[in-house]
Amino acid sequence: MPDLPLAALRPPLAADPLALVGGRVHEAQGRGRRAFALFQALRHPGQVVWILPDHAPQMLLPAGLPEGLPARLLLLRPRGEVDLLWSLEETLRAAPVALVIAEPEKPLSLTAGRRLQLAAEAGRTTGLVLIRDGQGSHAAETRWLCDARAGEAADSTLHDWSLIKNKKGTLGHWVVNWNGTSAAVHMVSATGQRDQFAGTPG
Amino acid sequence: MRGRPVDGPFALVLRAGNADHLHCLNPLAEAQGLHRGMALADARAICPGLETRPADLARESAALAALRRWCVRYAPMVANDGADGLIADITGVAHLFGGEEELRADLQARLARSGISGTSAIAGSRGAAHALARHGGGVIAEGMLAEGLGPLPITALRVDPDTAAGLARLGLTRIRDLLPLPRAPLAKRFGPGLILRLDQALGGQAEPVAAAPDVPHFGVRMTLPEPIGLQSDVMAGLARLLDRLCATLAQHHRGARRVRLELRRVDRGSAQVEIGLARPMRDPARIAALFQKGVEEIDAGFGIDVLRLSAPITEPLAPEQIGGGTVLQHDDALSDLISRLGNRIGFDRVLRLLPAESKIPERSFLLAPAAYSAAEKVFPQGGPPRPILLFPPEPVTTTEGRPGRPPVHLVWRRMRLSTLRATGPERIAPEWWFDDPAWRTGLRDYWRIETREGPRLWLFHTPQDSNWFVQGEFA
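Here the protein sequences line up with chains A and B, keeping their order. Per the numbering used here, the first sequence starts with residue -7, numbered consecutively. Per the numbering used here, the second sequence starts with residue 78, numbered consecutively.
Only chain A is shown next, with the shape it has when bound in the complex (with noise of 0.2 angstroms):
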């Protein structure tokens, strides 16, 4: 078989159902798609590259980030769109690299998309690529629909993430409790999925 060295890579996914593919790009979308690359960022050790165009108006606190996550991180301001993905495709392609986020502005043609993935499976990185809702490409191996929810607990920061597209495997979501410091994270409601899918018997 000529992935068996990918599939090798590959993370068994009943175990940890919120780890991503290896050598792969995946897309993430919803309101709280950042809170879920950084958390990515966490479970990656190595070095981060967070792609955003040159005239966003937000940026990343490094006071707020993880503990040890800004010196590992890299911050690419490109100018243009074709900039953005051509940065991208060449970080995706490059073997130092741990995790490479993304946050272009345009839809992602099934083309730049399909480039993406060849390129990550080159370099075997894993990418994120932060997209607004139906902009993403048909290539991305899991897209994932991220929100932040609110929690009764006074402590609790609770968050809605659902696996909305997965190619090689099934879809699910999840309500998990991450502080937004560390690697750790706590599955409020496994089965909470049940009611969702089942419908009431009888």
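Treat the hints as calculated values from the structure; they're not laboratory data. Any given hint could be a false lead.
[Unchecked claim] Simulated restraints, written as ranges between beta carbons of each label pair:
| # | chain 1 | residue 1 | chain 2 | residue 2 | range |
| --- | --- | --- | --- | --- | --- |
| 1 | B | 495 | A | 179 | 20 to 30 angstroms |
| 2 | B | 541 | A | 114 | 53 to 63 angstroms |
| 3 | A | 49 | B | 542 | 15 to 25 angstroms |
| 4 | A | 72 | B | 190 | 31 to 41 angstroms |
| 5 | B | 498 | A | 126 | 28 to 38 angstroms |
Every residue gets a Cβ at the ideal spot worked out from N, C-alpha and C, and that includes glycine.
Add chain B to chain A, keeping to what the hints say.
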């Protein structure tokens, strides 16, 4: 002068203190009775037709340095001698030109042909050559130092003007007047400097020509017998040049930070490709890879016949272990990536986050170009929680709340939100020593607001003003 010839008296003028003085003048001006160091007003009175230009000392010394490089054709050791002279150690060289007289004639002829008026002298000691060159020039034969120097004035000995004036008062104006005098009273009266200069001129005291080492030049060129036009040919030529350039760099323990390739076309046009490197480097293969894209875009026209490769910016780079461990390979690969990215999108757009000493959220970090900064391991942690995302303050429309308390309902980015929990306030005062337009409204009270709809926002308001703004979003 060569570019704009003047037929008439001409002088360069240098402003010293409050008055202009003649710095340099042409033979016609000298014939009118002008001399160096004369005040410009006096010179104008003597010679009303004098044309002048301001002197440019920096370019003058650059020209002298160029002349010094050229003079290496006569001797291996050439050094600057004052601001207007060169001294060369021609020991064992003269016979290559057929003798000292012939050497001097050759030098004078070449200088005259290039429009430089200079005077040269050859003598057995450095002091004697210096003295003679400034007083007519010529050759003093072996063993004839005392006779050759005798008729020269004492000022030629490089003694200070006070000493020369004191000797003149005693009636001693020529060097030959000094020679028969007893040395001890002379030294007692005028200090050891005079005796030292006299000994140096007569060869009694050694005075080597201390030529400063040349600043290494990191540039190589290649001239081709036939013009080339193919990309692969240019890359092959580049590879050869890079090998030579990197060898020079390695010899001087330096690495290139920018490398420039200039290509001259047959029709005298030229093209240039310049690349930057994320860190000092002298690895030909890795530098060549970065040139690939620039060379692709070059218009070769009718062909390229000269390639010139230079490293305008270099930094020290100590020799290091070849191969290295995995950490080293990882660093190399990462700096290669930064070079590739920087050459396309600009090195100022490949950034690294660095901590900064400020409580103001916008200024609590720096964005530094990754190619020119090292990663900072320690970021100040602790203190009140901070949002992950920061944006310029966005006003929210609020319903009436209690003054000083966060709003119960707010509309932000056309979303209706209602407050579930509010934590705060955290008061941040502007830095009075730094005038920031965004902070002119005064101090701010920051609140962390958890909304029922999900988003966790960082709101602030100024106590003087009841408007609320969102500035960040928590995870």
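Hints versus structure:
1. Take residue 495/B and residue 179/A: their Cβ atoms lie about 27 angstroms apart, and the range 20 to 30 angstroms holds.
2. Taking 53 to 63 angstroms as the suggested C-beta distance range, the pair residue 541/B and residue 114/A conforms, at roughly 58 angstroms.
3. Roughly 22 angstroms separates the CB atoms of residue 49/A and residue 542/B, a value that falls within the hinted 15 to 25 angstroms.
4. Look at residue 72/A against residue 190/B: about 57 angstroms separates their beta carbons, and that is not inside 31 to 41 angstroms.
5. At roughly 32 angstroms, the beta carbons of residue 498/B and residue 126/A sit within the given window of 28 to 38 angstroms.
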